[in-house]
Amino acid sequence: MSTILNAFKEAFLLIVRFNPDFYRVLLLSLIVSGTATVIGALIGIPLGVALSESSFRGRRVLLTLVHAFMGLPPVVVGLFTLLVIMRSGPLGSLELYYTPTAMVIVQVILATPIIAGFTHASMEGVDPRLGLQAMSLGATRWQAAWVKMREARAGLVAAVIAGLGRVMAEVGAVLIVGGNLKGQTRVLTTDIVMQTRMANYELALAEGIVLILLVVIINIFLTRLQAEKGMREIEKRVTGYPA
Amino acid sequence: MKAKTIFVFLLVIALSFSVAAVAGCGTGQPTSLILATTTSTADTGLLDYLLPEFEKAYKVKVKPIAVGSGEALKMGERGDADVLLVHAKSDEEAFVKSGFGLERVEVMYNDFVILGPQADPAGIKGDKSAVDAFKKIADAGATFVSRGDDSGTNKKELNLWAAAGVNPVGQPWYLETGQGMGETITVTDQKQGYTLSDRATYLARKDTPQIVILIEGDRQLLNPYSVIVVNPEKHPGLKLNTKGAGDFVEFMTCKKGQEMIGAYKKNGVVLFHPDAKGETRGMGDYRE
Chain A
1 MSTILNAFKE
11 AFLLIVRFNP
21 DFYRVLLLSL
31 IVSGTATVIG
41 ALIGIPLGVA
51 LSESSFRGRR
61 VLLTLVHAFM
71 GLPPVVVGLF
81 TLLVIMRSGP
91 LGSLELYYTP
101 TAMVIVQVIL
111 ATPIIAGFTH
121 ASMEGVDPRL
131 GLQAMSLGAT
141 RWQAAWVKMR
151 EARAGLVAAV
161 IAGLGRVMAE
171 VGAVLIVGGN
181 LKGQTRVLTT
191 DIVMQTRMAN
201 YELALAEGIV
211 LILLVVIINI
221 FLTRLQAEKG
231 MREIEKRVTG
241 YPA
Chain B
1 MKAKTIFVFL
11 LVIALSFSVA
21 AVAGCGTGQP
31 TSLILATTTS
41 TADTGLLDYL
51 LPEFEKAYKV
61 KVKPIAVGSG
71 EALKMGERGD
81 ADVLLVHAKS
91 DEEAFVKSGF
101 GLERVEVMYN
111 DFVILGPQAD
121 PAGIKGDKSA
131 VDAFKKIADA
141 GATFVSRGDD
151 SGTNKKELNL
161 WAAAGVNPVG
171 QPWYLETGQG
181 MGETITVTDQ
191 KQGYTLSDRA
201 TYLARKDTPQ
211 IVILIEGDRQ
221 LLNPYSVIVV
231 NPEKHPGLKL
241 NTKGAGDFVE
251 FMTCKKGQEM
261 IGAYKKNGVV
271 LFHPDAKGET
281 RGMGDYRE
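As you go down the protein sequences, you meet chains A and B in turn. With my numbering, letter number 84 in the first sequence gets 84, and the count goes up by one each step, no holes. With my numbering, letter number 268 in the second sequence gets 268, and the count goes up by one each step, no holes.
Excised from the complex, chain A in its bound form (with noise of 0.2 Å):
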């Protein structure tokens, strides 16, 4: 009981004391899952809108692979990856193995179609009558799909947030591909792993508290930003002005 009462001490120490190594973890583990989950809301955002808005060959089973892979095993993930670019895969040339780039590549893998899959779901929330409506006053099917992904503006932001929040929290993949290397590839989650191993933990734990502190605030960020703007819509659409 006194380790779990230590570790929040400690949790509040680390981030007090700047200790160079542990703020160095810290900011690799944004890094990397932030520009995981930038690329990966590149890539499913646009996809889930296709997936809902556009009608072409393979949707259905474009849709039924995204959805399987939401669910996608990150330790396989990783050494599928690490297979492939290892020195003796036949991306090894190109000296991926044990860097932050194969650890964003795993986490693009992972983060993908969970955003692809909530974006579809929450384009699909929005009442259909809406496009057409558009349509009617003649907008194009980009532009009505546009309307209705301001629509779904929470379901959005929510798909990013789960995004984030499947590649910060995520351990196996990493580990694999990056090797836990100090200095180079250590981040909070593989950290920990290793702290556990040692046996440090309070030190494991209180990184634990940071992490899901760090998750927190990234979370009340995302959710407000999409809020306020929210608010400034209705507000516009009310007033017939910007706020």
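A few of these clues could be false.
For lysine-lysine, the following DSSO-like pairs were computed, each having C-alpha atoms within a straight-line distance of at most 27 Å [said to hold, decoys possible]:
{"hint": "1", "chain 1": "A", "residue 1": "9", "chain 2": "B", "residue 2": "266"}
{"hint": "2", "chain 1": "A", "residue 1": "182", "chain 2": "B", "residue 2": "61"}
{"hint": "3", "chain 1": "B", "residue 1": "255", "chain 2": "A", "residue 2": "182"}
{"hint": "4", "chain 1": "B", "residue 1": "125", "chain 2": "A", "residue 2": "182"}
{"hint": "5", "chain 1": "A", "residue 1": "182", "chain 2": "B", "residue 2": "266"}
{"hint": "6", "chain 1": "A", "residue 1": "182", "chain 2": "B", "residue 2": "243"}
{"hint": "7", "chain 1": "B", "residue 1": "265", "chain 2": "A", "residue 2": "182"}
{"hint": "8", "chain 1": "B", "residue 1": "155", "chain 2": "B", "residue 2": "74"}
{"hint": "9", "chain 1": "A", "residue 1": "182", "chain 2": "B", "residue 2": "256"}
Just so you know, the hints here were simulated from the structure itself, not pulled from any lab data.
Take the given structure of chain A and dock chain B to it, following the hints.
The following block gives chain B in isolation, referenced to the frame of chain A:
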């Protein structure tokens, strides 16, 4: 419209991959040195202590990959590592003999110990022979926790079982964690069982568990670590950093490196004893 959609997707995907590729692209020369090693050198903090010094002195970036000795040797066989720091003597000799490694150079040793609960239900405490102790554990059917991960420690343990004439695999009292030494000690502690551990990992733990050293000092339990440069001629198609690998052997066997190993302490105890023989050799026969 449809074609445009697909085109945009492909463009985005291609862009993100090319960014990734450019970011990681080497300059033709290997930019880093891959050191495949055992979990014990990482979990004890030895690597975090030695490598910055080596990187500074030889201007090379090391990527230490902590796996079991078995997996480290396999990485060497595939050419996925440049140099190995391992402890599995007979496998290492076979590795060098079949041409995958240039030379096996012993750099340090520590020893294995048999850990167990203070109550010692199998009554092994004070035994001179590790093999006898293993027999007693099997006879008592006392819980034994094995690494079960093909690591150097696991290989050593299996050799001891073979010498004791016991096949423990599949017995109800024999647990295999498949994890590193640190986790295996934790499981042993929780289960109040016995296990074979290298002394360093046990001593380096912050929270000393409820299990204690019951058997130590048997010659059978010596645990030599050696470095091996992976033979680049076995992997003509791959870019191995053989120069860096030779530098690492040189560093580990030179006066400074050996002194650093001997000076490394955790909780006030020396964990590894340097024992490189004679002058530093670096690349062995490979260097002209």
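Against the structure, the hints:
1. Between residue 9/A and residue 266/B the CA atoms are separated by roughly 24 Å; this keeps the pair inside 27 Å, and the hint holds.
2. For the suggested pair residue 182/A and residue 61/B, the alpha carbons sit about 11 Å apart, so the restraint of at most 27 Å is met.
3. Only pairs whose Cα atoms come within 27 Å are accepted, and residue 255/B paired with residue 182/A is accepted, the gap being roughly 25 Å.
4. The straight-line distance between the Cα atoms of residue 125/B and residue 182/A is roughly 39 Å, outside the 27 Å bound, and the hint therefore fails.
5. Of the supplied pair hints, the one linking residue 182/A and residue 266/B holds, its CA atoms being roughly 19 Å apart against a limit of 27 Å.
6. Between residue 182/A and residue 243/B the CA atoms are separated by roughly 23 Å; this keeps the pair inside 27 Å, and the hint holds.
7. For the hint linking residue 265/B to residue 182/A, the alpha-carbon distance of about 20 Å falls within 27 Å, and the restraint holds.
8. Distance restraint check for residue 155/B and residue 74/B: the Cα-Cα separation of roughly 15 Å lies within the 27 Å cut-off, and the hinted pair is therefore satisfied.
9. Among the hinted pairs, residue 182/A with residue 256/B is consistent with the structure: their alpha-carbon atoms are about 23 Å apart, no more than 27 Å.
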